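Asker: Let the sequences and hints guide you as you build the complete structure.
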Amino acid sequence: MVKYEEYQINRTFHALSDPTRRKILKMVSAKSRKASELAQSFSMSFPGVSKHLKVLEQAYLIERQINGRVHTFILKERAMKRAYNWIKFYEKFWISNLDNLNDFLTNKGEIE
Amino acid sequence: MTTETLETSLKIIRTFEAPLEKVFQPWTDPAKMVKWMGPGAIYCKDVQIALKVGGQYRIHMFSEEDGDHIAIGEYQEIVPNQKLVFTWSWESGTVTGSLVTIEFESQGESTQITLLHENFPTKESAERHNQGWNGCLDKLEKFCH
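Chains R and U are the protein sequences, given in the same order.
Quick note: the first sequence, position 73, residue 84 per my numbering, numbers continuous.
Quick note: the second sequence, position 137, residue 140 per my numbering, numbers continuous.
Take these hints with a grain of salt, some might be off.
DSBU-like, lysine-lysine: derived pairs with alpha carbons at most 30 Å apart [said to hold, decoys possible]: (1) Lys-103(R) to Lys-25(U); (2) Lys-103(R) to Lys-35(U); (3) Lys-35(U) to Lys-99(R).
Hints listed in this document are in silico derivations from the structure and should not be mistaken for laboratory results.
Please read these numbers as outputs of a predicted model, since none were measured by experiment.
Answerer: Okay, here's the thing in C-alpha cells:
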C-alpha cells in the first residue's frame, strides 16, 4: 500500500458534494459547455450557476476558456481521477481491515 | 471519461459471525485493535484511544516497505455497541481529515457493520451537505431575484 497524498483533495470533494455541481460536471464531461447553456439547463439565475462554476474551477475540476464575452467550460480529468483514487484507496483499506477483523473474531484463541 | 468518479463517500456493509459486543469492542479497546487494524502487509504497532467525545486516538501502523502510517483523529459521537463517529487523517498529512461513521446492528448471533467514510472534516459539514444546504441557497436566491 502506498501512502496516499491528499493534495487539494478536500476541495475536490467539497465541489463534488453538491448535486447541482455533479450535474454540471456530467454535462461538461460529455462535451464542453457555454456558461449560458448551463444556466439554461438548470433554470437557475446566472449568478447562481456562476457560483457553482467558480467552486468547480477552484477545485480544478473544470477549466474556463474565454473568447470575447463567451465563457466555455471543459472538464479537467486529473482532479476527477484523484477523487476516484481516494475512494478506491479507502475501499481497499477498509475491506482489508474488515477481513482482518473477521479473522480476529473467528480465531478461536481470541474469543473467550 | 466515466462518471463513477462523482461519488464522494464510501460505504461498506458487512456481517460478522459474532455477537454485538464482541464486534464493537475491537474498535474501542486498544489491546484488541492492535491485533487486527492494518491492511495487507501493514501491521499495527501501537494504538492509543481516549474514548470520549472530543477524545483523540492514534493508530500507529507500519510496513517494511513504506514505514510508518499513523492515523489520528477525534471522536465526534460514541454510542456503545451502536455507533462510532470519528475524524480520520494521517499524522504526516497536510490537509484536513475525513469522517468515518460506523454503525453496529445486532442480528442475533451475528452483527452487521455499516462503515461510511466521507471526505468531510466534521460531522457538521457532512450533515450540512446532506441536508441539501446548497439547494436551499439556490432556491432562496431565485426568490430574491
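Asker: Next step is simple, just say for each hint if it's right about the structure.
Answerer: Each hint tested on the structure:
1. Lys-103(R) to Lys-25(U): Holds - the C-alpha atoms of Lys-25(U) and Lys-103(R) are around 24 Å apart, at most 30 Å.
2. Lys-103(R) to Lys-35(U): Judged against 30 Å, a Cα distance of about 22 Å means the pair holds.
3. Lys-35(U) to Lys-99(R): At roughly 27 Å apart (the allowed maximum being 30 Å), Lys-99(R) and Lys-35(U) satisfy the hint.
Of the numbered hints given earlier, the model fails none.
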